[in-house]
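Q: So the chains spell out like this:
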Amino acid sequence: MATATFRIWRGEGEQSAYVDYPCEVEEGMVVLDAVHRIQATQANDMAVRWNCKAGKCGSCSAEINGMPKLMCMTRLNSLDLSKPVTIEPMKAFPHIKDLVTDVSWNYEVKKQIPPFHLRPPGADGTWRAYQKDVDRPQEFRKCIECFLCQDVCHVLRDHHMHEKFIGPRLLIHVAQMEMNPLDDGNRLEALKDEYNIGYCNITKCCTKVCPEGIHITDNAIIPLKERVVDEFYDPLHKLFKIFK
Amino acid sequence: MSTIDVPLKALKSPPPPQRPFGRTERPDLWWVQPLLVFLGLGAFVVYSTWAAFQGDFYRFGPYLSPMYSPVLLTTRPGWWPAFLPFSAALLILWAPGGFRVTCYYYRGAYYKAFWADPATCAVGEPRKSYWGERKWPLLLQNSHRYFLYLALLFLVLLAHDAWNSMWFMVNGVKQFQIHLGTIIMIVDPILLGGYTLGCHSLRHLVGGRRDVKGGARKKTYDCVTCLNGVHMRWAWFSLFWVMFTDIYVRLGAMGIWTHDWRLF
Chain A
1 MATATFRIWR GEGEQSAYVD YPCEVEEGMV VLDAVHRIQA TQANDMAVRW
51 NCKAGKCGSC SAEINGMPKL MCMTRLNSLD LSKPVTIEPM KAFPHIKDLV
101 TDVSWNYEVK KQIPPFHLRP PGADGTWRAY QKDVDRPQEF RKCIECFLCQ
151 DVCHVLRDHH MHEKFIGPRL LIHVAQMEMN PLDDGNRLEA LKDEYNIGYC
201 NITKCCTKVC PEGIHITDNA IIPLKERVVD EFYDPLHKLF KIFK
Chain B
245 MSTIDVPLKA LKSPPPPQRP FGRTERPDLW WVQPLLVFLG LGAFVVYSTW
295 AAFQGDFYRF GPYLSPMYSP VLLTTRPGWW PAFLPFSAAL LILWAPGGFR
345 VTCYYYRGAY YKAFWADPAT CAVGEPRKSY WGERKWPLLL QNSHRYFLYL
395 ALLFLVLLAH DAWNSMWFMV NGVKQFQIHL GTIIMIVDPI LLGGYTLGCH
445 SLRHLVGGRR DVKGGARKKT YDCVTCLNGV HMRWAWFSLF WVMFTDIYVR
495 LGAMGIWTHD WRLF
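Top line first, the protein sequences correspond to chains A and B.
1 is the number of the first residue of the first sequence in the numbering used here; add one for each residue after it.
245 is the number of the first residue of the second sequence in the numbering used here; add one for each residue after it.
No lab work stands behind these hints: they were computed from the structure.
From the three backbone atoms N, C-alpha and C, an ideal C-beta is built for every residue, glycine too.
Worth double-checking, as some hints may not be accurate.
[Claimed, not checked] The calculated label-pair distances, taken between Cβ atoms and stated as ranges, are:
1. B:CYS467 to A:ARG128: 22 to 32 Å
2. A:TYR18 to B:PHE484: 54 to 64 Å
3. B:PHE484 to A:ASP45: 35 to 45 Å
4. B:TRP407 to A:GLY28: 52 to 62 Å
[What the hints assert, rightly or not] Here's a subset of chain A near chain B, in silico, CB distances under 8 Å, partners left out:
5. VAL19
6. PRO22
7. GLU26
8. THR41
9. TRP50
10. CYS52
11. GLY55
12. CYS57
13. SER59
14. ASP80
15. THR86
16. CYS205
17. PRO223
18. GLU231
[Stated by the list, open to error] Away from chain A, derived, C-beta distances all over 10 Å, residues of chain B:
19. LEU255
20. PRO271
21. TYR348
22. TYR349
23. TYR374
24. LEU383
25. ASN386
26. GLY416
27. VAL456
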């Protein structure tokens, strides 16, 4: 059985620091398995959030070798075990203890976004929608709210603009409603002035780290930016609307 | 209509402070990609600026350099500023240039490579302040769709140039021939077509703006989406092919390259 070193961020507040843990590893293990083994054998008080171990609950988000990832979906054979594997908590949110961060900001902001608003029924009294039209918003429903995209977004991570920018996760939440054929809510003004979609400078980092493979930038953020352009920055579009 | 009447809440406590520039725990060669983008885009900007100011050697037989097409004027007009050297390329290059500068792919690429905003994902940034694309002059990035309209026009013009590149003057008579240069001239609008027709703004205009899409609209939207999925590759291939085509025409016009082989 081989041994690998895991350099884990331990502690609370300013008392936090990296601690190296040697750990026996076996074929088929993921990072979360190693963390659990360390917790069971060497660090019983280590705080780590996890639940499904199947990449569907979004609980075990962390930064593995500097990149936001789910610990349960990162196989050890994808990492260079000849060097210490760094495991840190997410950087875009307040640190609580060890690998656990307070992600409640995301839920609080989500509550402030106007919910789905059902349009009036069609002439036949029903709300029919075709699958081909529903496919687009359904991609965004795959989101497991792991908040890795929020963590890697430099607007939140480096510039801490949580008061001004809602981040990629919540932008796809808005896109999911905006692009739903049964929704008639209009969130474009809020996207421009409240959620400040203009802060996104299309680095595509959110798309890169999404464990569900959602095309956050290409399918949600850029189409929303284009809708904002329609509404506020395109004089020709305004002209067409007048004559329509 | 929904309205927002509650400002976004701040965090209950602050997240960790911003890391210094270049600081990361990533052990991979994260700096390679932004460096390659910097070198690639930098090389194109330097070459295209030099080529645009040459004002000569842009025609070689039936070939016309894409950096000079369409040729609107061949002589310096009276209104041309005295301090600026005249070149036919300067009259038209702003349009395809503007299309690329405001392109969603290139924006993300040059913000990272030239402005380190961020240099790449999960790496510390050099600046504390950040405006994004909300303020002047980056607000102008929203004009991308207008440059798209021009780029579509240029696509037709370059396809016409490709057609012209098949007709060679032989003893005063136009004759259909295919040379190496013809192939280069044909590949140019094909690559530019892949890039332009996969544009995010075009995707929005042909159907993305609607939540309900009918048959033809949905098919068009799906086609643009298909090209859009590899927009980055089209962007790079077409960029370098434009440069390569100009080099080929220029070397031929200067008499340095004389092997424009006839294929049939």
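Q: Which hints, by number, does the structure contradict?
A: Checked against the structure, the hints that fail are numbers 2, 3, 5, 6, 7, 8, 9, 10, 11, 12, 13, 18, 19, 20, 21, 22, 23, 24, 25 and 27, while the rest are satisfied.
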